[in-house]
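**Q** Here is what each chain is made of, one letter per residue.
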Amino acid sequence: MSAARTSTTTSLAEVPSAAAMRWNRKDLLGLRELSADEINFILETTDAFKQVGTREIKKVPALRGKTLVNFFIEPSTRTRTSFELAAFRLSADVINISVSTSSLTKGETLKDTARNLEALHADILVLRHSSAGAPQFLAQRLKASVINAGDGAHEHPTQALLDLYTIREKRGKIPGLHVVIVGDILFSRVARSNIFGLTKLGARVTLVGPSTLVPREFEKLGVAISHNIDNVLPSADVVNLLRIQHERQRKEYFPGIGEYTQLFGLTKERAKLLKPDCLIMHPGPINRGVEIDSEVADGLQSVILDQVTNGLAVRMAVLYLCGGIATP
Amino acid sequence: MSVTIIRNGRVIDPANKRHEIIDLVIVDGRMADRSAIRDPRSAIETIDASGLIVAPGLIDMHVHLREPGFAHKETIESGARAAAAGGFTTIVCMPNTSPAADSPSTIAWIKDRAAAAACVNVLPTGAISKDLAGEELTPIGSLAHAGVVAITDDGHCVQNHELMRRAVEYARMVGLPVLDHCQDYNLVGNGVVHEGYWSTLLGLPGWPAAGEEVIVMRNILLAELCDHHIHCQHVSAAGSVRLIRAARVRGVKISGEVCPHHIALTDEAIQNFDTNCKMNPPLRSQQDVDALVEGIADGTLSILGSDHAPHADFEKEVEFEAAPFGIVGLETELGLFLDLLVHKKKAIELPRLIEMYTVEPAKLLKLEAGTLSPGAVADITLIDLEMEWTVHAEEFRSRSRNTPFHGWKLKGRAVRTIVAGETVWKL
Numbered sequence: 001m002s003a004a005r006t007s008t009t010t011s012l013a014e015v016p017s018a019a020a021m022r023w024n025r026k027d028l029l030g031l032r033e034l035s036a037d038e039i040n041f042i043l044e045t046t047d048a049f050k051q052v053g054t055r056e057i058k059k060v061p062a063l064r065g066k067t068l069v070n071f072f073i074e075p076s077t078r079t080r081t082s083f084e085l086a087a088f089r090l091s092a093d094v095i096n097i098s099v100s101t102s103s104l105t106k107g108e109t110l111k112d113t114a115r116n117l118e119a120l121h122a123d124i125l126v127l128r129h130s131s132a133g134a135p136q137f138l139a140q141r142l143k144a145s146v147i148n149a150g151d152g153a154h155e156h157p158t159q160a161l162l163d164l165y166t167i168r169e170k171r172g173k174i175p176g177l178h179v180v181i182v183g184d185i186l187f188s189r190v191a192r193s194n195i196f197g198l199t200k201l202g203a204r205v206t207l208v209g210p211s212t213l214v215p216r217e218f219e220k221l222g223v224a225i226s227h228n229i230d231n232v233l234p235s236a237d238v239v240n241l242l243r244i245q246h247e248r249q250r251k252e253y254f255p256g257i258g259e260y261t262q263l264f265g266l267t268k269e270r271a272k273l274l275k276p277d278c279l280i281m282h283p284g285p286i287n288r289g290v291e292i293d294s295e296v297a298d299g300l301q302s303v304i305l306d307q308v309t310n311g312l313a314v315r316m317a318v319l320y321l322c323g324g325i326a327t328p
Numbered sequence: 001m002s003v004t005i006i007r008n009g010r011v012i013d014p015a016n017k018r019h020e021i022i023d024l025v026i027v028d029g030r031m032a033d034r035s036a037i038r039d040p041r042s043a044i045e046t047i048d049a050s051g052l053i054v055a056p057g058l059i060d061m062h063v064h065l066r067e068p069g070f071a072h073k074e075t076i077e078s079g080a081r082a083a084a085a086g087g088f089t090t091i092v093c094m095p096n097t098s099p100a101a102d103s104p105s106t107i108a109w110i111k112d113r114a115a116a117a118a119c120v121n122v123l124p125t126g127a128i129s130k131d132l133a134g135e136e137l138t139p140i141g142s143l144a145h146a147g148v149v150a151i152t153d154d155g156h157c158v159q160n161h162e163l164m165r166r167a168v169e170y171a172r173m174v175g176l177p178v179l180d181h182c183q184d185y186n187l188v189g190n191g192v193v194h195e196g197y198w199s200t201l202l203g204l205p206g207w208p209a210a211g212e213e214v215i216v217m218r219n220i221l222l223a224e225l226c227d228h229h230i231h232c233q234h235v236s237a238a239g240s241v242r243l244i245r246a247a248r249v250r251g252v253k254i255s256g257e258v259c260p261h262h263i264a265l266t267d268e269a270i271q272n273f274d275t276n277c278k279m280n281p282p283l284r285s286q287q288d289v290d291a292l293v294e295g296i297a298d299g300t301l302s303i304l305g306s307d308h309a310p311h312a313d314f315e316k317e318v319e320f321e322a323a324p325f326g327i328v329g330l331e332t333e334l335g336l337f338l339d340l341l342v343h344k345k346k347a348i349e350l351p352r353l354i355e356m357y358t359v360e361p362a363k364l365l366k367l368e369a370g371t372l373s374p375g376a377v378a379d380i381t382l383i384d385l386e387m388e389w390t391v392h393a394e395e396f397r398s399r400s401r402n403t404p405f406h407g408w409k410l411k412g413r414a415v416r417t418i419v420a421g422e423t424v425w426k427l
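The listed protein sequences correspond, in order, to chains A and B.
My numbering applies: residue 1 is where the first sequence begins, and numbers increase by one.
My numbering applies: residue 1 is where the second sequence begins, and numbers increase by one.
For the record, the hints were derived by calculation from the structure and aren't laboratory data.
A hint or two may mislead.
[Stated by the list, open to error] Under the rule of at most 27 Å between Cα atoms (straight-line distance), these lysine-lysine pairs were calculated in the DSS-like manner:
| id | chain 1 | residue 1 | chain 2 | residue 2 |
| --- | --- | --- | --- | --- |
| 1 | B | 411 | B | 345 |
| 2 | A | 173 | A | 111 |
| 3 | B | 316 | A | 26 |
| 4 | A | 143 | B | 366 |
| 5 | B | 253 | B | 17 |
| 6 | B | 17 | B | 344 |
| 7 | B | 411 | B | 17 |
| 8 | B | 17 | B | 366 |
| 9 | B | 130 | B | 366 |
| 10 | A | 111 | B | 344 |
| 11 | A | 106 | B | 316 |
| 12 | A | 272 | A | 173 |
Note that this is a predicted model, so its numbers are computed, not measured.
Chain A on its own, in the form it takes in the complex (with noise of 0.2 Å):
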């Protein structure tokens, strides 16, 4: 073990080891291959990592000397701005390459590209591609970290352990809960990985949305399906809502933003059929008076920003287990 890595240790007694053998993967790619015994470690070392983040010195030296790439195939925001923030507080040096300032815009492949980062020594490749698998592949050719910051429809897996770690915070516990997903089941990554960490935890999970959008396949993931919000509501302890997309690619899923809303949007009056201790979850953006109504959204049930705080220290731990499995 590094002197770093042993000060580390030190200055965050709290802070489980990844030495202490419950964690020895190098890559973050995706729940459905995780353990709920290794997700739940996730969230263990989380606590310690948020607990930073209300000191005044919110650094830690975790992984000061290693180098972090943010590799974003995909426009993004907020993940981007989340991992580099956990990267900065871990006191990693970062790098951020995104679809205009990266090489593939001139022909070079994903491989190459990644092999040249990991020739100038970056230790952590965070990807988001627009392509199921992309981590995967890189996983498999490269000796770096590589954490899955969402890929095409397959998983964004540290959305899913930041919602995981607030339904667990705000609730106390997961096994036994019913969490209700609403939207565009069938493009979402971020529904995948909650489905897989939700179930693997023991929690009841119901997907809502359009029969176009929530084919009936989904049920085989051990889920149930409703296309009536109005009926699953009363009893959900957690109701989480995608963003609603009505692009050009999208036309032929469903009629259009208005007749959405209509059926599935969190109105009002919807929300009076919820539970007074339900949470109202969103990955984000939101989209204001589509899937959820303003009020709704900024209401007392809603923990959509404790999810983005929650982000930053599920992302501190991902980055601080991989991190620590990558280094020889």
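Once you've looked at the hints, dock chain B against the given chain A.
**A** Frame of chain A; chain B shown alone:
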């Protein structure tokens, strides 16, 4: 005069309903009778085929040789060597080259290259539509004169049913069968894997079975309307098998082909995003696999082929959605079909498998091949039905290595390939 005798082999010649242990005589590249060996001037070469199957040279009517245009993936020369190593004496190459094989001059170029460089018979197909764009007919009559054995837009699919109808009518006039890659572009969209459990789990765009079935149905209707043969290439979906079965019972001139990967693997194989499991049509569910095997067993699907689709490593070693469709197949297909259909699933017996690789494509394409009748060109494949072997991609004669079957242990393979009396490959 050159004489070769193949001794002690089990001759399986479905065209002549022959199945017996007997010596075969080849004189000057053609099948002959035993009187030839009494001629004292005969220079006799003897091939000992004890314990082996002696079959008419196998025909794979669905390969991509990539020339002209993509010689880094495959050439006519390397593809032909791969065919020989797989036990094939005749291969039919698809027109999605660059330029597309949509003109007599390109067909002439392919035939010249084949004559100069190929160790097996290479028969070209011509495109249905100019540049495979699905908009205007190619000069189908001139393509026929230039020597194509069929027309097809393989890799693409004519979406305009009216254009397809006229292509089939026109092809009937010049006596060419029509081969079709069945894919409805609207239903399939940007699909890259079978729409089902694994596409749902992995978030990869789904390619629904209905996207194939709807075009198979279209082809059945047009074959009936035009009274002409349409052959559905690489059938992958259970629904397609049901449709073809019912149409053949009615006497419609429709046929279906099966590729080995569609019965050897299911869509589960994509779970690690291996681009060597990405092909078009995609690997489907176990129910589809079972339906294909049933369709082979009851004769609904009458032709076996590889859809040999070579791609360079650097082209396949990219993100799953960015990777090109297709895998190489010439050097593994016979082994896979023998292992799966004859040994493991016992869906058909060896003579039928040989018939599906010889008599059936020869009949469809009107070839003077696929038979060991006296006087026929001596294209012969020797098969060891019991040999156990392991697929080693690095040993392929093909220029490409894109196979999901590397390391597979198979039972049964070709051990010698003879074209016009000459051994072009042996193990």
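**Q** State for each hint whether it applies.
**A** Going through the hints against the structure:
1. 411(B) to 345(B): 13 Å, holds
2. 173(A) to 111(A): This hinted pair is violated, its Cα atoms lying about 41 Å apart.
3. 316(B) to 26(A): 25 Å, holds
4. 143(A) to 366(B): Status violated; Cα separation ~56 Å.
5. 253(B) to 17(B): The given pair, whose Cα atoms are some 24 Å apart, holds under the 27 Å limit.
6. 17(B) to 344(B): Since the Cα atoms of residue 17(B) and residue 344(B) sit roughly 25 Å apart, the hinted pair holds (cutoff 27 Å).
7. 411(B) to 17(B): Holds, at about 25 Å.
8. 17(B) to 366(B): 19 Å, holds
9. 130(B) to 366(B): Cα-Cα ~25 Å, so holds.
10. 111(A) to 344(B): Since the Cα atoms of residue 111(A) and residue 344(B) sit roughly 39 Å apart, the hinted pair is violated (cutoff 27 Å).
11. 106(A) to 316(B): The hint holds at about 19 Å.
12. 272(A) to 173(A): 24 Å, holds
Of the hints listed earlier, those the structure fails to meet are numbers 2, 4, 10, in rising order.
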